[in-house]
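2 protein chains.
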Amino acid sequence: MENASSPSPPQKPTTLLTFPKALATSSSKIKHVIVDFAIKAKSIGVDDPRRIVHSLKVALAITLVSMVYYLQPLYNGMGDAGMWAILTVVVVFEYTVGATLCKGMNRGLATLLAGALGIGAESFASLFGTTAKPILLGCLVFVLVGAATFSRFIPNIKRRYDYGVLIFILTFSLVSVSGYRVERIIELAHKRLSTILFGGATCIIISMCVCPVWAGEDLHQLIAENLEKLANFLEGFGGEYFRITEGDKPSLASYKSVLNSKATEESLANFAWWEVGHGKFLFRHPWKQYLMIGALTRQCAYHIEALNGYLDRKTEAPSEFQKTIKEPCMKMSSEVGKAMKELGLSIKLMMHPSGSASAMHMESCKKAKEELNTILQTVMVGEHDISETIPVIAVTSILVDIINRVETISEAIEELAKQAQFKKSKNTKLDKKEKPNFLNDGGPPDPANGGKNRESVAITVASLNKG
Amino acid sequence: MENASSPSPPQKPTTLLTFPKALATSSSKIKHVIVDFAIKAKSIGVDDPRRIVHSLKVALAITLVSMVYYLQPLYNGMGDAGMWAILTVVVVFEYTVGATLCKGMNRGLATLLAGALGIGAESFASLFGTTAKPILLGCLVFVLVGAATFSRFIPNIKRRYDYGVLIFILTFSLVSVSGYRVERIIELAHKRLSTILFGGATCIIISMCVCPVWAGEDLHQLIAENLEKLANFLEGFGGEYFRITEGDKPSLASYKSVLNSKATEESLANFAWWEVGHGKFLFRHPWKQYLMIGALTRQCAYHIEALNGYLDRKTEAPSEFQKTIKEPCMKMSSEVGKAMKELGLSIKLMMHPSGSASAMHMESCKKAKEELNTILQTVMVGEHDISETIPVIAVTSILVDIINRVETISEAIEELAKQAQFKKSKNTKLDKKEKPNFLNDGGPPDPANGGKNRESVAITVASLNKG
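Line by line, the protein sequences give chains Z and G. According to UniProt numbering, numbering within the first sequence proceeds without interruption in unit steps and concludes at 467. According to UniProt numbering, numbering within the second sequence proceeds without interruption in unit steps and concludes at 467.
I should point out that these hints are in silico values taken from the structure, not numbers from a laboratory. Certain hints may be false.
Copies of one chain are not kept apart here, so a pair can be met inside one copy or by any two copies together.
[As the list claims (entries may be wrong)] As a list, the in silico EDC-like pairs of lysine to aspartate or glutamate whose alpha-carbon atoms are at most 20 Å apart:
1) 158 / 94
2) 133 / 80
3) 256 / 266
4) 191 / 80
5) 158 / 47
6) 367 / 388
Note that this is a predicted model, so its numbers are computed, not measured.
Excised from the complex, chain Z in its bound form (with noise of 0.2 Å):
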């Protein structure tokens, strides 16, 4: 293992080869450093391109507020006050829309109202004399700066205007204390603003009109390829549980993003409620929906990851037990992800759920659930070794729970297809009092309306011609 990157060769004296060696060592270490870095970021560009071209954009921005410094008019106009249209691009350019637009507006609208108390504050300690006044302002100053800090704590100061807040206090003891020394506080002011309205309008403009990253559409495509990544699990899991996937295996583990994903959708949610509308989504679009179809995606991957579980485990061969109850197993656990399938593409393509095939692979996936049933309730359980027995039937059980789960998950869908007002399939026939609501049976969503179902489930189906 030692010195395999530079074996020294034996016939010369090694004392005189020790210098080099070291620094060939060192040098070889230095370069294997440099190409695992080199390909690490190459690979982070290729993965998502939007990095290199928001990393240029940045650095357009900051290079045309430059221009302040090095063109004569615009320095005549501003001066060094230029610096804080600087500072304010590097601050604010965000990666998404949204998040800019939320730095943007924060940092504008706190300059002012700090600015504005700030200045009032300085001529209203002014009023007591010259002694007293920086007394005066430092309590101020105290008072305002503890009660900010604290209003961070408060959850929905922090999640919108977090970075307004800290704005407030910079700018307001910036202008209050510095108001004590500068004569022309006023000018002062105006100055500053107007230079970081001018950093800031350049950072909207750029990160909206150049290759705009919008908030918004990654929620989108998000929550889509959440439910896609456990559909793909659900439908692989079946030929992996009763060992009849052969060559190369796909791998089942994607859908563990999901369970931490929570943090990623609230943020961009947030970011996405600052954003004007754009592309297919307008002003206004409900964002919350998206992410209560995501905590509902979520509960269905933490059920994903008990049912994983029996996976580390299995045995060599199947059970004789899990032989019996292989068909209709494979084929609820198969169904069940085809569904979710349909339910992610609909979401994406913004197309009303009645319309795709998913009610029409619930409809079979109920259907081998009766199955499972009926074979069960025949084959008598205790004739099987209980500690074989046992896992199966609990995986059977937690398939059907994700199965109720995704009846949750498409009713939150086709509440979201309601108010953003998704197309619907042109082979629908269904109005909305007869929209499909498959399965109804065992899981906690209400069992009110469990008559109709069939009936518009057997139209859907009719309508697609499949099956």
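Chain Z is already provided as a structure; the job is to place chain G on it using the hints.
Coordinates of chain G only, in the frame set by chain Z:
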């Protein structure tokens, strides 16, 4: 519902009342909002009084550094560069010591590096004459800013040096660009750097000396508390599932926060990395191992979430089949809960887990499991209604899964105890070779050392003189 807050008296003409009425309504609404806000703010302060202390600390730091403006000797030395001290305090002062150190160090080093590079770039560009200089500077800024922005997407850099890269971009642009206009750039850089160091040092000193909030300690508590939350669920689950809990039911939902604690744990561990030794934690405490335990705890929480699904759909009275397995099932659940509580406690007290009572509880858990297997083997499962039996069997299977997970958690805690040199309990007579590995059947962990365990558990139980 309407106008509930200010009903208008019917005997007077309403037209005359419109304006005062509207005023009264809106003023009472505003009052309502303010009172609501105050109650919320108070509860946030009461929940964790360290938040109030933090707000006062920030206010103190800003008031202190603003002295550079008020006191003549300080102002003579620093001048308007004192502004940078205030700016530094506002952006660097974070809630935990680790986060403050992280930001302070990043800011200091990045300013130094970028300042030096910026001055270098400015002198280099000066060599090419007045016409070429701004073009050359613009190109340099473009390239370096683009590269630095891209580097923020690399996970390792993002995790620890994100803020440093931001400050690097800011300072490099400011120095190289303003160098085009400012004559004595070295003097400017020196003044700015010294004020930044002054602001940063103020932050770090106040953050560390006045009621410090250590990220490492918070992480330590969080991991222990998460184990406790899961333990509470498991202890209460049996009573809830078999409907024997009467009177005030303890809420079992507190475990839900564990499902989404990954981001918090990771950021705390990152900040803890920057912290110097404090209290019981030495510099380079094995924070990574806490993340490992946190991940295993979360795994366990996913299974508990699946278990929780079975609480939702329980019927009014327990079925016959449930009654037959009630005893061992409840014992399994409560004993694994107790074992988990002991593990959490051993982290909290920084005691070696081998001395705690958790091994004893795991042992009785294992006995209950064997008992359950015997009952299931004798009871002919087929005799009962299959739709009632399946979920119950699933519950027992998930419980067994949880027991295996807890064993893995216990191993991870033992590893932590070894790395962090936790105290050994006085009444433990075990040496390291004989450490108990209590439960070792059926689960994924290596089954190599199954023989010795029973013996060593017996020793622990005896040494504790309990049960």
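Results for each hint:
{"no.": "1", "hint": "158 / 94", "verdict": "both (18 Å within a copy, 14 Å between copies)"}
{"no.": "2", "hint": "133 / 80", "verdict": "between (28 Å within a copy, 19 Å between copies)"}
{"no.": "3", "hint": "256 / 266", "verdict": "both (18 Å within a copy, 17 Å between copies)"}
{"no.": "4", "hint": "191 / 80", "verdict": "both (10 Å within a copy, 16 Å between copies)"}
{"no.": "5", "hint": "158 / 47", "verdict": "between (31 Å within a copy, 17 Å between copies)"}
{"no.": "6", "hint": "367 / 388", "verdict": "between (25 Å within a copy, 19 Å between copies)"}
Violation of the numbered hints given earlier is absent; every hint is satisfied by the structure.
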